[in-house]
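Chemist: So you can see what is in the structure, the chains are spelled out below.
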Amino acid sequence: MKKSPILAVRGLRASVAEAGVEILKGVELEIGAGEIHAIMGPNGSGKSTLAKVIAGHPGYEADGGHVRLRGENLLDLEPDERAQAGVFMAFQYPVEIPGVSIANFLRSALQARLEDGEELDLFDFQDLLTGCMGLLGMDPSFAQRAVNDGLSGGEKKQSEILQMAVLKPALAVLDETDSGLDIDALKVVAAGVNALREENPEMSVLLITHYQRILDHVQPDAVHVMVNGRIVESGGPEVALELEAQGYEEYRRTHAA
Amino acid sequence: MSGGIAVGGGAGVAEVGEVAAVGRGGDPAWLRARRDEAWELYEATPFPSTRSEEWRYTDVERLLPLGDLEKRPIGSKWSGELPERLRRVLASDGEGAGRVVEMDGRVVSARLDPGVATAGVVLSSLADAACSSDPVVRELLATQAVTASDGKFPALNAALWSDGVFVHVPRGVKVELPIRLSRWVSRPHTPTFTRVLIVAEERSRIAFEDEILSPDFESATLASTAIEIFARRGARVRYVSLQRMGRRGCHLASQRTIAERDSSVDTLNIALGGSVDRVDLNARLVGQGASSEMLGLYFGEDGQHFDFNTSQDHVAPHAHSDLLYKGALDGRARGIFRGIIRVHEGAQRTDAYQTNRNLLLSDHAVATSLPNLEIEADDVRCSHGATVGQLDSEALFYLMSRGLERGQAERLVVRGFLGEVLSRLGRSVVADKVMRTIEAKLVR
Ligand SMILES: Nc1ncnc2c1ncn2[C@@H]1O[C@H](COP(=O)(O)OP(=O)(O)OP(=O)(O)O)[C@@H](O)[C@H]1O
Ligand SMILES: [Mg+2]
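Protein sequence lines, in the order shown, are assigned to chains P and A. Residue 215 in our numbering sits at position 215 of the first sequence, with consecutive numbering throughout. Adding 257 to a residue's 1-based position in the second sequence gives its number in our numbering.
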């Protein structure tokens, strides 16, 4: 029996806010609770745009359709409200925030979820952070580093996963978190995602990737192909394997702009 | 007369004496002569105008109506309770090697840790030290560092200073904890003129934290300070100025540091309060191997006006100076940074850097940054840079996507931006105090 969807994207059209160039041209996507979906697709097809529109990036405007999280229309919410509602996006290009430590930032993020007047217990926080870092095989000193500032490409991706682990979202959108990771780091990140899902089997994951290899470790329930702002094919894990063998040429021909 | 200033309005030398003679038993003859000379220079020096490069962005006549400042003889020493705010600050400052409290331009207490005093360190009211003709004060007070010929305000200060602090650290004595000066300015409209003279003898070490506080005022109230710092061979001096005056407080500071061979003089200027703050800082590296780290931090809001005018004078070869001034400006605040690195002839192997970064938090805030280089030696490493930027919208989105409200996200970015300067200080009372003040400004 199909579970009721955590995320329902219907007829989503979106464009770059200033330029008015349409990038998403009617995206349909449904993810059930606890499911892992992968999106693949050629460069520039709109995968990151979809992720950012789900997370509420102000640089994009939704021109039509809707995005619902557990029935609630996300498009009406500010980015922080979406996060409170359970959305997490691991950025393809994490942003550097000089002078702000990862620990400090995560503490603020958790504090922000509490009611006014409620204080985050610092010992609980420390335990949570230490636990998550242990899970991801990270050195405890890592949390004292500035958010993405001075981190290597791979470290930035690991930091995104650490944040996901601490924030425990209902829906995690991972935008090419596997790119730039070495083989060991990729395994650690995949193990982290799996461990989190064990802890919270209801957590759903939307995994944007170019490579089959992460899907060897994080088994998807569905694989979608995005071309030119639309999802043009959806299927099981075999879709990714076919893409690995054949590339996007076939799709590109049939779904040209 | 342009910029007619009441303090100067026809005041003769006798009146100068009246304002200033507050030390023990009145000024000695040498000091009286020095004040007279300064007064003459003051009168002969034209009022700073926005036509001059150095004062172009700070229209003193408009921002600081000196014409109607009151000139009153310095009254009797503060007696009775210290104001609540000052008491809180004193209580929270924690342990130091010494503590001076200055009320309305006069030192009311100067206490030095007995162990430090035994080592021969002198901490005293400057007026007392001058009136007892301390030879070091006599030699160095307003003669080599901040002198009357430096400009209109240094001249005025040299003529009218009422008190301040004298610190003398003997050879080889290392004072680990800072000496703190807490100043309180309370009389509206009445200018105060004070000075600090720090002399660190060979291989000695000292840190001095200078905080100025006041209530809000109804009208512009001037606090003029002159800071003179001498680091002899191999000495290490750290000086921190923390300005947290109330509304309409106007702080005009003239600072000069003189670093001899292998010594270091590090400064940090923090401007958070007041309506106008103008700091003229000149770091002179006169001995080989000398070094100066020069930090600055400011956070302006409403119509606050901060103007930093810095210079790094590399007179000797093989010296190092590194300046970093960072500021955030909100509301209609105005920040001006003008800095120059001057590498004098023969100052080979100079290593000198200068960076000014501004973060604008509102569309009405303005930052002006004018870094400059003047190099007369050929084997040097120098760089300067300036940036004026807005809050990065990608950074805000990133933080908000983790659940922080916009305001919180902005605060975090600003904190991180300014934190770079404080992190160079390491953990300290000053850093905590500054962070708390910034925090309070940010939630407004
Ligand atoms: N802010 C923007 N301004 C202008 N064009 C944009 C903007 N954002 C996205 N685009 C364009 O929209 C298209 C989709 O971009 P997007 O980043 O979503 O692609 P992607 O599928 O994630 O690609 P990749 O696999 O390379 O990460 C691209 O052609 C891109 O240039
Ligand atoms: Mg992308």
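It is possible that part of the hints are untrue.
Which bits of chain A does chain P cover? Going by a derived footprint, with three or more residues having C-beta under 8 Å, they are [to be verified]:
| no. | region |
| --- | --- |
| 1 | 467 to 481 |
| 2 | 655 to 661 |
| 3 | 674 to 685 |
These are calculated hints, taken from the structure and not from any lab test. This one's a predicted model, so the numbers in the text were calculated from it and none came from an experiment. Ideal placement from N, C-alpha and C gives every residue a C-beta, glycine not left out.
Chemist: Now, for every hint given, state plainly whether the structure supports it.
Modeler: We went through each hint and held it up to the structure:
For the region 467 to 481 of chain A, the stated coverage by chain P is violated: 0 residues have a C-beta nearer than 8 Å to a C-beta of that chain, whereas at least 3 were required. Chain P is given as covering the region 655 to 661 of chain A, and this holds because 7 residues of the stretch bring a CB closer than 8 Å to a CB of that chain, at least three being needed. With a threshold of 8 Å between beta carbons, the proposed coverage of the region 674 to 685 of chain A by chain P holds, since 5 of its residues qualify and at least three are required.
The structure fails to meet hint 1 from the earlier list, while all remaining hints are met.
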